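Could you put the whole structure together from the sequences, leaning on the hints where they help?
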Amino acid sequence: MGRALPLLLILAAAVPPGGAALAAGGGKLRFVTAVYLDDRGGGMRQPEGLACDDRGTLVVGDAGGGRLLRYTVEEAGVKPAGELRAREVTAPIRVQLTSRGDTLVLDGRERRVARFDARGEFKGFLRPEGVPDPATIVPRSVKVDRSDRVYLLDVFSARVLVLDAEGRYQRHVPFPRDRGFFSDLAVDARGTIYLLDSLRAALHAAGQQAREFSPLAKDLRAHLSFPTALAVDGRGVLYVVDQNGGGIVLVGQDGTVLGRQLATGWNEGLLYYPSQACVNERGQVFIADRGNSRVQVFAVTR
Amino acid sequence: MPRAPVTVLGLALLVLASAPAAGEENPFRLKPGAAGKVCLDCHTDFAQKLKRRFVHTPVASGDCAGCHSPHASAHGKLLSAPARSICLTCHEGVVPARAVSAHRVAVEGNCVACHDPHASDHKANLRRAGNDLCTGCHKAVGDAVARVKFKHRPVSDGCLGCHDPHGSEGAPRLLKRAVPALCVQCHKPDSPGFARQHADYPVARANCTSCHDAHGSGTPGILFDTVHAPVAGRRCGQCHNPATAAEPFATRRPGFELCRGCHGAMVNDALSRSRLHWPLADRTGCLNCHQAHASRQKKLLDVPEAALCGRCHRDTAERQARLAALEKEERAAASKSRGEKGALTHQPVQEGSCSTCHQPHASDNTFLMRQASPVEGCGSCHDWLKHNSHPMGEKVVDTRNRNRSVDCLSCHRSHGTGYRYLITFPAPTELCVQCHKQLRR
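Listed in order, the protein sequences are those of chains A and B. Residues 128 to 429 (the working numbering) are what the first sequence spells out, left to right. Residues 923 to 1363 (the working numbering) are what the second sequence spells out, left to right.
Note that these hints are calculated values from the structure, not bench results. Being a predicted model, the structure only gives us computed values, none of them experimental. C-beta atoms are modelled at their ideal positions from N, C-alpha and C, and glycine is treated no differently. Possibly wrong hints are sitting among the right ones.
[What the hints assert, rightly or not] Incomplete in silico selection of chain A near chain B, CB under 7 Å: (1) Gly170; (2) Gln173; (3) Val265; (4) Arg267; (5) Tyr296; (6) Arg298; (7) Ser352; (8) Thr355; (9) Asn419; (10) Ser420.
[To be verified] Partner residues aside, some chain B positions facing chain A, computed with beta carbon under 7 Å: (11) His990; (12) Pro1201; (13) Asp1237; (14) Asn1323.
Structure follows, in structure tokens:
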């Protein structure tokens, strides 16, 4: 017994982080349900963005309908809980939820981030303050961390801008020089920022204090066609949405591919040009299945 | 007497030690004067060849065995080493070890593509003289050079004036030196005429080939055939800092903000759409796809449209290329019999015209489609769809999913699937029963 404990410790230390992630996150996605309708029985039209939280809230950016749809996720299923609309928001392409229940929406037409409060009232656009030059910001995506800090993927100025909940500048991390085109970012529980390079099918990461990004996974083309969105779960497993290939590729924190899930199709459980994914602490994975005009819910099983 | 056996033994050892060296010089122990002659006794056709001006040194010295193994060999033409590497046994380092660019035939060891290994009437045993050799493979360049109105003299003098045929240690495209260092060997940037032509910008530090076609063109000054209006009018200061500025080549504004100054209507229209082609809005902006100064392509595109889109959308381009190759193979095989009906590829993609269906800058439709409705989009070419087809349109609900209406993409994928007619299942019946379940067997 006295010798077994050190041996176990040595073995545990020898397992690389990817191995740990593989054990923790290399699960399968099991289809749970699909969401098609709003609270009035109307259908979704090409939803592009969505956000979920641990309290059972789901907000869908119904881009084709030019609106946001709110749902509550319960044991019994996903129930419609109203609609969020604003004249200023006509193309919700990325959605995020804050800890206060606010909804942040990146509008594809305005290319600005709109804010709705927990009651669903439009509260205007996020106005970044104190951002260093260049002044022009073109956000391709937006993410919110557990402290409600806002991360903007600013493709014009080639940087990730970190703002506080009110939009005040905190810091920025420049894009790596060697890059294709970044379509999405994700922020994990430890504040690590991940970047998804769609053209090179590559991932980059920057720790909470890092001033620059480092390569994480250099070329995932063997596993996917054209990745466009990224999500991360509580254990740090990355969910890469393969838009053209209709699938999800799971990647560990060391860049190891943990597996590919789902496939292209029209039936429930299959994806047709998916556009964004969200994972909550309950192990539920929500996918905006744009081509099929629905949201699909999966459970991570191991 | 005791010294004699030692001397004999020593001499014997000396003979034995020297034997391999003698063997290497004449490994086949040919009689004196027999080298080369022995081979030519049978290979009589070589006698004529050896009269050519330039004869490969081993051939001239009758050392056929320098390259060939006369009895047996594991390699074709009785070569004593693989054909791809035998030349390197003498000509090592022809391709620089740290080449920035290298000629593929040289890297692959296919030296005989350009050189005759025995003899030739052209220097360096080249198979053909001058540019004819190069344009034998680089036909498009040869045709263009022959066609252009304004010629670049070094091109007619010979490709090797600028290019190293094997590889270049310091420049891309086998250039002997990188641009502009190569160009300023002939062109004198300090001359008043040169400075005037270039609006006094210090272009000796710039990339000459961003404006000029080194192989000649149809435009005076051998500018590429499509010239950006400010360049044609020598109004460089419209986009760049003044020529006298510390950074004269820096642009006045970054990304699309610069282009918006003149192309305001187009840029504003793109920015007002709900779906932007995102590279337009990054730091590089319009220059992701367009050349700023001049181009061989219309609309100042960097490269032809198919290659341009395929640079980023590699998965789509590769799939189309794969399907096109398959289609070609099938067509060749079917030439004797009746081929299968139905295309595997989509014609606009094959023709390199992605913009037939997609808006390159922005659109209000998903995937930057020109038309909101696939029925309208496809119908702009396939017009029979509008009067003779499966029921389609907004009012026809897809039985698999009530949020979807039936349209062309319910059954087809426009970039190809690997199945005939671009359908999504191997057999039409398999596709139809997805909705018409009552017909499923």
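We went through each hint and held it up to the structure:
{"no.": "1", "hint": "Gly170", "result": "holds, 4 Å"}
{"no.": "2", "hint": "Gln173", "result": "holds, 6 Å"}
{"no.": "3", "hint": "Val265", "result": "holds, 4 Å"}
{"no.": "4", "hint": "Arg267", "result": "holds, 6 Å"}
{"no.": "5", "hint": "Tyr296", "result": "violated, 19 Å"}
{"no.": "6", "hint": "Arg298", "result": "violated, 19 Å"}
{"no.": "7", "hint": "Ser352", "result": "holds, 4 Å"}
{"no.": "8", "hint": "Thr355", "result": "violated, 10 Å"}
{"no.": "9", "hint": "Asn419", "result": "holds, 6 Å"}
{"no.": "10", "hint": "Ser420", "result": "holds, 4 Å"}
{"no.": "11", "hint": "His990", "result": "violated, 44 Å"}
{"no.": "12", "hint": "Pro1201", "result": "holds, 6 Å"}
{"no.": "13", "hint": "Asp1237", "result": "holds, 4 Å"}
{"no.": "14", "hint": "Asn1323", "result": "holds, 6 Å"}
Of the numbered hints listed earlier, those contradicted by the structure are 5, 6, 8, 11.
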